[in-house]
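Sequences and hints are given; from them, build the entire structure.
Convert by adding 256 to the 1-based position in the sequence shown; the result is the number in my numbering.
No lab work stands behind these hints, which were simulated from the structure alone.
Do not take every clue at face value.
[Stated by the list, open to error] Quick list of in silico lysine-lysine cross-link-like pairs, DSSO-like style, CA-CA up to 27 Å:
no.	residue 1	residue 2
1	307	318
2	400	301
3	345	398
4	301	318
5	301	263
6	318	400
7	278	325
8	325	345
9	327	290
10	327	398
11	398	318
12	400	327
13	327	307
14	327	345
15	263	318
16	400	345
17	263	307
18	278	290
[As the list claims (entries may be wrong)] Derived DEER-like restraints, expressed as beta-carbon distance ranges:
no.	residue 1	residue 2	range
19	297	395	22 to 28 Å
20	357	300	44 to 50 Å
21	357	319	43 to 49 Å
Here the structure is a predicted model, which means the values were calculated and not measured.
Think of the CB as a built atom: it goes at the ideal place given N, C-alpha and C, for glycine as much as any other residue.
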Amino acid sequence: MQLILTKQVAGLGAPGDLVEVKEGYARNFLLPRKLAITGTASAQKQAETIKAVEAQRSARAKARAEELKAKLASVSSVSVPARAGTTGKLFGSVTPAQVAAAISNAAGAQVAADDVQLAAHQIRSLGQYEIEVDLGAGLVSKVKIDITAAA
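Below, the structure is given as structure tokens:
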């Protein structure tokens, strides 16, 4: 059965793509979830519109990501205050939300906590770390953070 995707489907295609799938998959999964429409002639025109809108959305997202990357590049280091003992070991660990708030304040641009990549680091002591921020549209920016003792 030929369908035109209206949304991104993992392993199948992008919005506006004409795909050939089995009837059961189309009838039980794609069509009820409004992930696809049947591949008629009028739907072909709709697919072209979907692709154009998706291209515009992608271009806007890439432009925003480039702008955010430029703002983050202008920041040399971001200070993140955390409660620590006399030996420099933190009480707990630094969370992505704390890092995102500090980066947002320093760069003057909104950074979501989900975009901060701290999985490689369990920050549990004072010092400098280099973390990655996922900007979307395939762009990643590295930011140096300085974990300091809170007063």
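Honestly, which of those hints from before does the structure not fit?
2, 7, 8, 9, 13, 14, 19 and 21
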